[in-house]
Amino acid sequence: MSELRVTDTNSVNDSKGRAFGLEGNDFLYVIGGIVGALGCVLLMHVLLGVGMVVALLFSAPLLLVPLAWVLLLRHNKPEGYAEDLFDHLVNREGWTFAPRLQPAPILRPSGKESHAQRRS
Numbered sequence: 000m001s002e003l004r005v006t007d008t009n010s011v012n013d014s015k016g017r018a019f020g021l022e023g024n025d026f027l028y029v030i031g032g033i034v035g036a037l038g039c040v041l042l043m044h045v046l047l048g049v050g051m052v053v054a055l056l057f058s059a060p061l062l063l064v065p066l067a068w069v070l071l072l073r074h075n076k077p078e079g080y081a082e083d084l085f086d087h088l089v090n091r092e093g094w095t096f097a098p099r100l101q102p103a104p105i106l107r108p109s110g111k112e113s114h115a116q117r118r119s
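Mapping of the sequence shown onto numbering that gives the first Met the number 0: position 59 corresponds to residue 58, and the numbering continues sequentially without gaps.
Hints were generated in silico from the structure; no laboratory data involved.
Heads up, a few of these hints could be off.
[Claimed, not checked] Here are the computed lysine to aspartate or glutamate pairs in the EDC-like style, where the Cα-Cα straight-line distance is at most 20 Å:
(1) Lys15 / Glu82
(2) Lys15 / Glu78
(3) Lys76 / Asp86
(4) Lys76 / Glu22
From just these sequences and the hints, can you work out the full model?
See below:
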């Protein structure tokens, strides 16, 4: 019997899989939105007696928000796109919560000292 040949291979699957045309677990957000919206409609219309149109209007955000999140910020986007986008929108260049790291204002009212001057 001949010896077994041992070769090093990279057998890692780089894909997280696809379901319903969405990468990874993105479809779970949409399914959760569908289940939540359907449950809200049933609760409001059947148990509380609210009109069907009103129940649909109140439950629409439960479906539309996760759907928009997945389609606009996750589908066909690189990993971490949504987090980077929100970080960029909140922490623009030169703005921070730490007062000492704030950029000096261009126009300063006369006679008033800056916050940085008062602290030193």
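Here is what the structure says about each hint:
A C-alpha spacing of about 19 Å is found between Lys15 and Glu82, which places the hinted pair at or below 20 Å, so the restraint holds. For a cut-off of 20 Å, the pair hint linking Lys15 to Glu78 stands: about 12 Å separates their Cα positions. The hinted pair formed by Lys76 and Asp86 meets the criterion: a straight-line CA distance of about 16 Å does not exceed 20 Å. About 10 Å separates the Cα atoms of Lys76 and Glu22, which keeps this hinted pair within 20 Å; it holds.
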